[in-house]
Amino acid sequence: MRNLLGTFRSVPSIAALIVLVLILFAAIFGEPLFGDAARNPDVLNAELGPSLAQPFGTDQLGRDVFARTVVSAGPTLLRALLSGLGAAAVGTVLGVAISLQRGRPRLQSLAQRVLETSLAFPALLTAIFVTAVLGSSGSAATIGIGLALIPGLARLAQSMSASIVERDFVRAAEQLGLRRPKILFREVVPNLAETMVTAAASATALALIAVSALSFLQLGVQAPDFDWGTVLAAGLSRIYSAPWAALGPAAFITVTGASIAYLADAIGRRANRRAVIAATGPSARPEAVTGDDDIVLDVRGLSVSFATPMGEVTPVRGVDLTVRRGEIVGIVGESGSGKSVTSMAIAELLPPNARVRADRWTMVAPAEGEPADAASRRRWMAQRIGVVFQDAMTSLNPAMRVGRQISESARVHRGLGRSEAQALAVERLGEVRVAAPELRVGQFPHEFSGGMRQRVVIATGMINHPDLLIADEPTTALDVTVQDEVLALLRHLNRQDGSSIVFISHDLAVVSELCDRVLVMYGGTIVEELPADQLAEPQHPYTRALLAASPTLDTVQHLAAIPGNPPDPAMYPPGCPFAPRCPHVSDRCAEPVSLVSVGTGHRVACVLAADDRADSSDVEVPA
Amino acid sequence: MSVAVGEPRVSVGDVRAGAPRAVGLRRWARFIARRAASLLVIAFILIVATFFLVRLIPGDPAARLLGDTATPDAYEMVRERLGLDEPVLSQLVNYVGGVVRFDLGTSLVSDFSVAQLIGERLGRSMLLAGAGTALVLLTAMVGGVTVGVMTVTGRRRGLDNSFTVSTGLLGSVPEYVLATVLVLVFGIWLGWLPVAGADAGLRSLILPAVAVAVRPAATLARIVRLETFEAFSQDFVRTGRSKRLPTIVLVARHVVPNVLTSALTMGGVILGSLLGGAVVVETVFAWPGLGTALITAVRASDYPTIQGIVLVLGIAVVLLNTIIDLVLAALDPRRLQDGV
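Protein chains in written order, with the numbering used here: chain A, 1 to 623; chain B, 1 to 340.
If you are wondering where the hints come from, they were derived from the structure by calculation, not from laboratory data. Do not rely on the hints blindly, as some may be mistaken.
[As the list claims (entries may be wrong)] Partial list, derived from the structure: chain A residues whose beta carbon lies under 7 Å from chain B:
1. L115
2. F129
3. V133
4. Y240
5. G257
6. A278
7. R378
8. A382
[Said to hold, decoys possible] Okay, the calculated beta carbon distance ranges per label pair:
9. B:I223 - A:R495: 46 to 52 Å
10. A:D533 - B:I223: 54 to 60 Å
11. B:R55 - A:L44: 47 to 53 Å
12. B:P87 - A:N40: 53 to 59 Å
Computed from a prediction, not measured in an experiment: that's the story for all the values here. Backbone N, C-alpha and C fix where the C-beta goes; we use that ideal spot for every residue, glycine too.
Build the full structure now, drawing on both the sequences and the hints.
The following block contains the structure:
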C-alpha cells in the first residue's frame, strides 16, 4: 500500500488524481445540480458567448453547454467503463482459456492466430460494423467498442498467463485433479490481476475517446440523449463563431482520458519497475602518462558505487590493479565478489548509475600526445583497451554482418574504408583460427556456433591490437572442449602480439592454467594476490576454501563447499568481509585489514598472515 | 583435460559446407509460403464473416432498410436483391463466387457497383493512411529516440516528466477535435491550407495527415523511448560502447535498428488502423476515401456497400501485416527461423 501511495507522489500523478475526483463529482452531482439547465431550451438566450455563469456559453437552443457537459459526464464515463472493463473481463477469460489449452496445441495456435488477426483489424471499423448490425445507439456503440478492445486484452492475458500456467503450482493443481475453472480462478487470475487492472484502465481511456467518436459520427448516442461526443459535435459545428462551446467539452474528454491513461501507466510502471537512477556524481577517468611504457594499466584505490532505489551500494572498495606489458592477470572470485564490476570499471563500460572513484588511474598515453578532445580520447581508449564479453550470442548485434561488427572500431578510429576494413576483419578472423574467414565475414551471428561466436567476439576485441584485452568470463558459457580451445587462443594471441590480458573467471583451474598472476576478490576487495604457480599454496582462508571447492585441480579430490553466502554489497562488514564465514575468525577480524607482503609477488589481506610474517617469515602457514 | 599451449588447432567444425546464400534462399521460400498460406486462410475467414454480417441483423434487414411503411412488393424486391430468398448455403456460395471475381454486388442506394466505388476511393484512403503513418513513424522515431538517449542516464528529470505529460495529453486528444482545431487555425484564421476535399494535391493532404498522425505518434513516441532504454541495456550495445563509438554512431548503428523493428511492427498496426480508422478525420475534411463512404453506407443501411468496404479494408490490413513481416525478416534474419 505504501508502494502504491509512492506511485502517486509525483506532480503529474497528483494532478491526474484530482482531475478524476472532480469528474467523479460531476458524474454523481451533475444531474441534480445542472439537470434543468442542461435540458430546458431557452431560445431567447441561444448561442450566447461564455460568461461567468455559463463558462462555455449556450447552444442553438439556449441550453447551457457547461451544464450539458457536466451532466453528461456520468453516462459518458459509464459507457467508457462498461466497454473498457467488460472488454478486460472477457479478454482475460478468453486469454487464460487459450493458454490453458496446452493439451491441444493445434486449437491453441489457431486461437492465437485468430487473435492476432483481429488485433490487426482497426478497432473503430469493428465498432462501426457492430453499429451497422445493431443499429445506431449508445448501447450499440458501447458494445461495439468493447468488442473491438477484446482482442488486444485477450492477447495480453494470453501471453501473461502462458508463463503462469507453466509454473509449478498450476501444474501441481492439475495433478491434484482440480477442475479447470477452479484452477483458473484460484491460481491464474490472482497472478494476472495487476497487469489486467492496468490494461483495463488503459482500455477505458481508449473507450472514452472511441465512444465519443461514434457519437460524433452520429452512430452512437441519439437525441434527445447526449454525451460528451454529441455535445462536442454540436459545438464543433459552430466552432468558427463560438470556439468555447467546442473547446470546453473537448478539454473535458482530453484531460479525463489523459488522466486515466497516465495513472494506468504509473501503476504499470510500478509493476515492472526498471527505475533509471542517475549516479551521485561524476566518475573518475584514466589519465594518460608518458615514460613507463612497461605498465599498461595502473589503478590504485578503485571504488565503484551504484545508485539504486534503496540508496547507494558500493560493490567494489579500494582495488589496486597494475598490469605489465605482456602479462596475463587473472581475477577470481564468486559471483557478487566485484570482479566483473572491477573489469567493466577499468574498461569504462559501467551503466550510467555507476560512479567510479580512484586515487590514481593511468594508462600509456597515445603516440601523438595527451588526448585533448572527446574524439581523440575515444581513439586512445580504443587503441589501449579491447574487451571480450561472456555471452557471445547477446554481445553481437543480431542484425549486422559479422565482418562489419569486427571492423567497426577500426573504421571509426582509423578511418579505414569499406574494403580495407573488410580485409582487416578477414585477417583478424583468421588470427582467431576461424576457417574460411573471407566467407564467414558476410554471415550473421546466428549462423555461427557458440565457440565460433566467441572467437568473433575475441576478434572484435583484438581489432586494434590493443595493449590490454579485458576478458570477462569469456569461457563460462562454453562447453569444456571449446573452452580449452578459446583459452589456448588467448594465450597464443598474448604470446604473438604481447598484448596483456585481464582475465576474469570464477574457475581457479582455468585461471591457474592461463594466467601469470592471480588476484582473488571477495566482498569487493582483493583478499590475496599471488603468482599463478603458487596457487596450490594460498594463505588466505577464503582462497583455500575456494581451492578446496574447485574440483578440477588434480591434487584436490573432495568437494568442500564453503558454508554461508558472499556478503551483500549493501551491508559489507567494516572489517574483513570473509569473517562471517571464516573458520579461523577472531575478534581482530572486525578491524579493517590491508594487503601485506608474505613472499615474492604474494600479498594477503588476513590478520593470520600478518601474524606469521611478524613471527617468522620461514614458518609454514598451517594448512 | 590438458590445454595445448602454443599453436591452437584450426576449428573447421561448423563452417557449413556449400554456399550460405542458398540456405538463406530456401529459408525465405519457406517463410513466404507460410505467410501466404495464413493470408489465404484469414481472407477466407473475412469473406465468411462479412457474409454473415447481413444474417446477424436482428429481425429482417429488408424490413429495417425500408421502415414500417413499405409495400409487400418493395419488400420482396429488396429481399431478392439481398439474396435473402435463397437458402443460406447457396447465398454463401454466390457471395464467395462474386468476391473471387471482384464482384461485390450493387449499392442499394445508388445502383453503383460496390467494387467500382471502392476502386475509386481506396487509393485516397491509402494515400491518407500512408502519409499519416509516415508522419507517425518519423516523428515518433526521432522524438522517442532523442528523448530516450537524453534521459537514459536518469538525469534531466524535467525533460522526462514533460515528455510523459505532453505525449499523454496529445495521445488523448480526439482526432475530430484536433482536425477541427487544425481547420480553424490553418484553414480559416491563417488561410494557408485548404479546409476540405482532396483537389489541391499535396496541400490538401497536409492537414488530414497531421490530424490522423498526432495521437498514434504520441503513443508510439512513448513506446519508442522505452524501447530505446531497452536497447541501451542490451549486451551488444555495450559491445558498441567497448568499441568507443561516438554516441551518434552507436545510436544510429546499434540502437536505432533495434528500436526500428518494434516501431515498424507498431507502424503496421497503425497503418492498418488508419486505413479503416481515419473515418472520423475523413469526415471532418470531407476526404473522399472509404471512411466517408462507409459512414454514409451505415447511415443508409446500404449492406452490400458495408460488406464490400469492410472486406476490402480487412484484406488490405492483413496483406499489409504480411508485408511488414517480410520487411522485418529482411531487417532481422533470425525471424526467418521462427516456426510461426
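Here's how the hints hold up against the structure:
no.	hint	result
1	L115	12 Å, violated
2	F129	6 Å, holds
3	V133	5 Å, holds
4	Y240	6 Å, holds
5	G257	4 Å, holds
6	A278	4 Å, holds
7	R378	4 Å, holds
8	A382	4 Å, holds
9	B:I223 - A:R495: 46 to 52 Å	50 Å, holds
10	A:D533 - B:I223: 54 to 60 Å	56 Å, holds
11	B:R55 - A:L44: 47 to 53 Å	52 Å, holds
12	B:P87 - A:N40: 53 to 59 Å	55 Å, holds
Consistency note: the structure conflicts with earlier hint 1 alone.
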